[in-house]
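Enquirer: Those protein sequences? They're chains Z and S, same order as listed. For the first sequence, counting from 1, position 233 maps to 233 in this note's numbering; every step adds exactly one. For the second sequence, counting from 1, position 270 maps to 270 in this note's numbering; every step adds exactly one.
Hint data in this document are derived by calculation from the structure and do not stem from the laboratory. All figures in this text were calculated on a predicted structure; none of them were measured in a lab. All C-beta atoms, glycine included, are put in the ideal place defined by N, C-alpha and C. Hints may contain errors.
Unchecked claim - DSSO-like mimics (lysine-lysine), calculated; alpha carbons at most 30 Å apart, straight line: (1) Lys324/Z <-> Lys266/Z; (2) Lys195/Z <-> Lys248/S; (3) Lys200/Z <-> Lys248/S; (4) Lys197/Z <-> Lys100/Z; (5) Lys4/Z <-> Lys324/Z; (6) Lys100/Z <-> Lys324/Z; (7) Lys200/Z <-> Lys324/Z; (8) Lys195/Z <-> Lys324/Z; (9) Lys248/S <-> Lys197/Z.
Claimed, not checked - Here are some chain Z residues the structure puts well away from chain S; computed CB gaps all over 10 Å: (10) Pro185; (11) Phe283; (12) Arg315.
Claimed, not checked - Each pair of labels, with its calculated beta carbon distance range: (13) Gln233/S <-> Ala20/Z: 50 to 56 Å; (14) Glu316/Z <-> His371/S: 41 to 47 Å; (15) Ala300/Z <-> Ile240/S: 45 to 51 Å; (16) Ser293/S <-> Pro50/Z: 36 to 42 Å; (17) Ile324/S <-> Lys324/Z: 47 to 53 Å; (18) Lys283/S <-> Ile15/Z: 44 to 50 Å; (19) Ser244/S <-> Ala298/Z: 41 to 47 Å; (20) Ala455/S <-> Ala279/Z: 52 to 58 Å; (21) Pro165/Z <-> Gln233/S: 47 to 53 Å; (22) Glu70/S <-> Ala279/Z: 42 to 48 Å; (23) Arg247/S <-> Pro185/Z: 55 to 61 Å.
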Amino acid sequence: MANKLLIDAIRDTLISEMRADERHIIMGEDVGQRGGVFRVTAGMVDEFGPDRVINTPLAESSIIGVAIGASMHGLLPIAEIQFLDFIHPAMNQIMSEAAKIRYRSAGDFNCPIVIRTPYGGGVHGALYHSQSIEAIFAREPGLKVVAPIMPDDAAGMLRSALEDPDPVLYLEHKKGYRAIRGEVPENGYRVPLGKAKVVKEGSDATIISYGMMLIESLAAAEALEQRDGSSIEVIDLRTLYPLDNETILESACKTGKVLIVHEANKTGGLGGEVAAIIAEEAFPYLDAPIMRVCGPDAPAIAFSRPLEDAFLPTRETIGATLDKLAAY
Amino acid sequence: MSTTERGTTVRLPKLGESVTEGTIGAWLKKVGEEIEKYEPLVEITTDKVSAEVPAPVSGVVARLIAEEGETLPVGAELCVIDDGSGTEDHVEQPAAAPEAKAETPAATAPSNGHAHNGTAPSTGRDRPTGEAGAMEMLRTRSSPAVRRIAEEHGVDIQQVTGTGTGGRVTKQDILAYIDSRPEVAAEPISTQPQAAQTATPAAPSRMPAQPVVPPPAAPAPIPAQPPAAGRAQVFPGDQIVPVSAVRKQIAENVAYSERVAPHVTLWMEVDMTGVVAARSLAKDRFQQEEGFSLTYLPFVVKAAIQALRQHPRVNAVWDGDQIIQRKAINVGIAVGMDDALIVPVIKDADGRSIAGLARAIRDLTSRARDHQLSVDDLQGGTFTVNNPGTYGTVLSTPIIVQPQSAILSTEAVVKRPVVVDDTIAIRPMMNLSMSIDHRILDGLAAASFLADVKAWLEAVDSSLSLY
Chain Z
1 MANKLLIDAI
11 RDTLISEMRA
21 DERHIIMGED
31 VGQRGGVFRV
41 TAGMVDEFGP
51 DRVINTPLAE
61 SSIIGVAIGA
71 SMHGLLPIAE
81 IQFLDFIHPA
91 MNQIMSEAAK
101 IRYRSAGDFN
111 CPIVIRTPYG
121 GGVHGALYHS
131 QSIEAIFARE
141 PGLKVVAPIM
151 PDDAAGMLRS
161 ALEDPDPVLY
171 LEHKKGYRAI
181 RGEVPENGYR
191 VPLGKAKVVK
201 EGSDATIISY
211 GMMLIESLAA
221 AEALEQRDGS
231 SIEVIDLRTL
241 YPLDNETILE
251 SACKTGKVLI
261 VHEANKTGGL
271 GGEVAAIIAE
281 EAFPYLDAPI
291 MRVCGPDAPA
301 IAFSRPLEDA
311 FLPTRETIGA
321 TLDKLAAY
Chain S
1 MSTTERGTTV
11 RLPKLGESVT
21 EGTIGAWLKK
31 VGEEIEKYEP
41 LVEITTDKVS
51 AEVPAPVSGV
61 VARLIAEEGE
71 TLPVGAELCV
81 IDDGSGTEDH
91 VEQPAAAPEA
101 KAETPAATAP
111 SNGHAHNGTA
121 PSTGRDRPTG
131 EAGAMEMLRT
141 RSSPAVRRIA
151 EEHGVDIQQV
161 TGTGTGGRVT
171 KQDILAYIDS
181 RPEVAAEPIS
191 TQPQAAQTAT
201 PAAPSRMPAQ
211 PVVPPPAAPA
221 PIPAQPPAAG
231 RAQVFPGDQI
241 VPVSAVRKQI
251 AENVAYSERV
261 APHVTLWMEV
271 DMTGVVAARS
281 LAKDRFQQEE
291 GFSLTYLPFV
301 VKAAIQALRQ
311 HPRVNAVWDG
321 DQIIQRKAIN
331 VGIAVGMDDA
341 LIVPVIKDAD
351 GRSIAGLARA
361 IRDLTSRARD
371 HQLSVDDLQG
381 GTFTVNNPGT
391 YGTVLSTPII
401 VQPQSAILST
411 EAVVKRPVVV
421 DDTIAIRPMM
431 NLSMSIDHRI
441 LDGLAAASFL
451 ADVKAWLEAV
461 DSSLSLY
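Model the full structure from these sequences, guided by the hints.
Expert: In structure tokens form, the structure reads like this:
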């Protein structure tokens, strides 16, 4: 076991997997000498060489397109999109190509790529460096979308993603990189994709979240418990698509009260899908309406500090809705 | 209903769960008399109960609509009380009035805090609207979880003090109420269904049973927890096995089947000499050609199919006021796995030879064990064959897979001494256990069916083709 920052859990796993299997290659903007704008791939071009740690042009569609092609010729590419905000030019390659290759070829071909990309706000990144648009992808059959926030999950799920024979969009919270620390088991630790985790057990209400909002939700839960002794369960989704319906429903049935928290815009966000699943399958067990605390339906997280602060849910704003839910 | 009249229209309330109409007994007040809210207004008799209907408002009796001796449906107008309210203050939605005299008795009693003999769930038509309506719904119908718990334990939600939003009864409130009741008449979910007050089928949800939580102090570790109402006490060393979704579904299915279908089981002994010989002759070649071993099960399934063709009533489902005899013969084969029993279906099994049935059984069994069955594989069965005999049983009482009308179990083939032509012979004997739904089939029909299965099996000889 080692205590690591989120960024180091990711980096160390990348290095160990690159060493273990020379079919892995990393490709993205500034991943080589620069080591990535967040330093995730620092030093890797020195160890693995420019043939395996490849600086690409500023051309997202090509980054993914080339990765897809390489994966169908026997390589296991790890494509980096420098910020999730930049992924839009690559949509066609991801949605119509990568995600559909196995299905359209009736299993004759598969596309074992991992697309790594930083997402999320709270670092004064403004319009182009704060977006949380994962919901667009978290409905694409053939693609998996994961967003671990705890370092052990990040390491274990990255390993699983790298072994997955089909495309995985692996989201790394840029604020979390150097803000989240945790114990990471060594030696080939794996966490399965598609499984959520009950990070805190409780019986009176459930909070379902992911990313940095998971951290805020845990804080809100603890604050409420200190105040009135209630018992709040908190679930880290970890994988956004496919959702772990079983864990979600088991908790909803147990507590009967559910709050979903994400920083992404409320409308069309994952909260809606989770709420629909619960309403459909756990209706007889609900003791309150399903509530959501989300980013507002604003076009961007602004550069202006007060506007950025107003956008992101906090443990206080989450706590206010949690109070309402618990008292319902 | 007059639209220019002042006052509140009083309607016939629902005096019991299945009550659909009532007969006006005596009017206890005359036109022009004053009446207080809750004061008895009129006597109503139904086939279950006689009751005095109290006035929902205070005022003066303005007009009697229903006559003594008249029998009216629930929701029908009884009288008008002038309580100073305008025409728009009627307790029921005006739109519901023309439908109140219609056949279907869907209306609830006035929902302004007026208590009734029984819990009267409102139906869609008469649901109050608007913000006040929402608060009313919240207070009387609370939430799905509370309604479910109320029904399971026979509690009238309106008797419970609510501490939630708008005075709503919360899950904690009703659980605390149940805990504090002097006689614990509450039954745990899914036991003794015929003793319960309600007759609702098991919830379709496949979710785990609700643990009754102790009041919100720090939850005690398992060994020290006192049993909550209806739950077993847990002692140190006990192992708690959580109920998986599959086990929960099986539990609900079998409890439901036993509850709705009166099961009768019959047994028939079958001399399997012919089948044993036929199989013995064919097995090596079958193994070589098909790649798996031939068992007795496909023979029994074939016999059952032949009998189903002769006894279409056994290939039927119960549908309330009719029995549907299915044309397709889709035979479910019970497959046991760890802690679960699953029943995939061979569709149009009457189109298959014995070898074809063997292949289908093999395919479904291995796909079941690999969790590769599709939803379609599990649907559409019209008859089920189970084979506990592989584990050595000689008699069983199988439970019918709803909505089928019967199930057949094959027991172990055991060599026994039997009497043949007045001498003792050693024969491989196998019992067939058949449970029937006595709503659809009776003993004669079942015995005839079994006799045909037995006859077919006992007539098997080496000339039988597997293909």
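Enquirer: Each hint: holds or not?
Expert: Cross-check of the supplied hints:
no. : hint                              : in the structure
1   : Lys324/Z <-> Lys266/Z             : holds, 18 Å
2   : Lys195/Z <-> Lys248/S             : holds, 21 Å
3   : Lys200/Z <-> Lys248/S             : holds, 25 Å
4   : Lys197/Z <-> Lys100/Z             : holds, 28 Å
5   : Lys4/Z <-> Lys324/Z               : violated, 36 Å
6   : Lys100/Z <-> Lys324/Z             : violated, 43 Å
7   : Lys200/Z <-> Lys324/Z             : holds, 20 Å
8   : Lys195/Z <-> Lys324/Z             : holds, 29 Å
9   : Lys248/S <-> Lys197/Z             : holds, 22 Å
10  : Pro185                            : holds, 26 Å
11  : Phe283                            : violated, 5 Å
12  : Arg315                            : holds, 22 Å
13  : Gln233/S <-> Ala20/Z: 50 to 56 Å  : holds, 52 Å
14  : Glu316/Z <-> His371/S: 41 to 47 Å : holds, 45 Å
15  : Ala300/Z <-> Ile240/S: 45 to 51 Å : holds, 50 Å
16  : Ser293/S <-> Pro50/Z: 36 to 42 Å  : violated, 60 Å
17  : Ile324/S <-> Lys324/Z: 47 to 53 Å : holds, 50 Å
18  : Lys283/S <-> Ile15/Z: 44 to 50 Å  : violated, 58 Å
19  : Ser244/S <-> Ala298/Z: 41 to 47 Å : holds, 43 Å
20  : Ala455/S <-> Ala279/Z: 52 to 58 Å : holds, 55 Å
21  : Pro165/Z <-> Gln233/S: 47 to 53 Å : holds, 50 Å
22  : Glu70/S <-> Ala279/Z: 42 to 48 Å  : holds, 45 Å
23  : Arg247/S <-> Pro185/Z: 55 to 61 Å : violated, 32 Å
Of the numbered hints given earlier, the model fails hints 5, 6, 11, 16, 18 and 23; all others are met.
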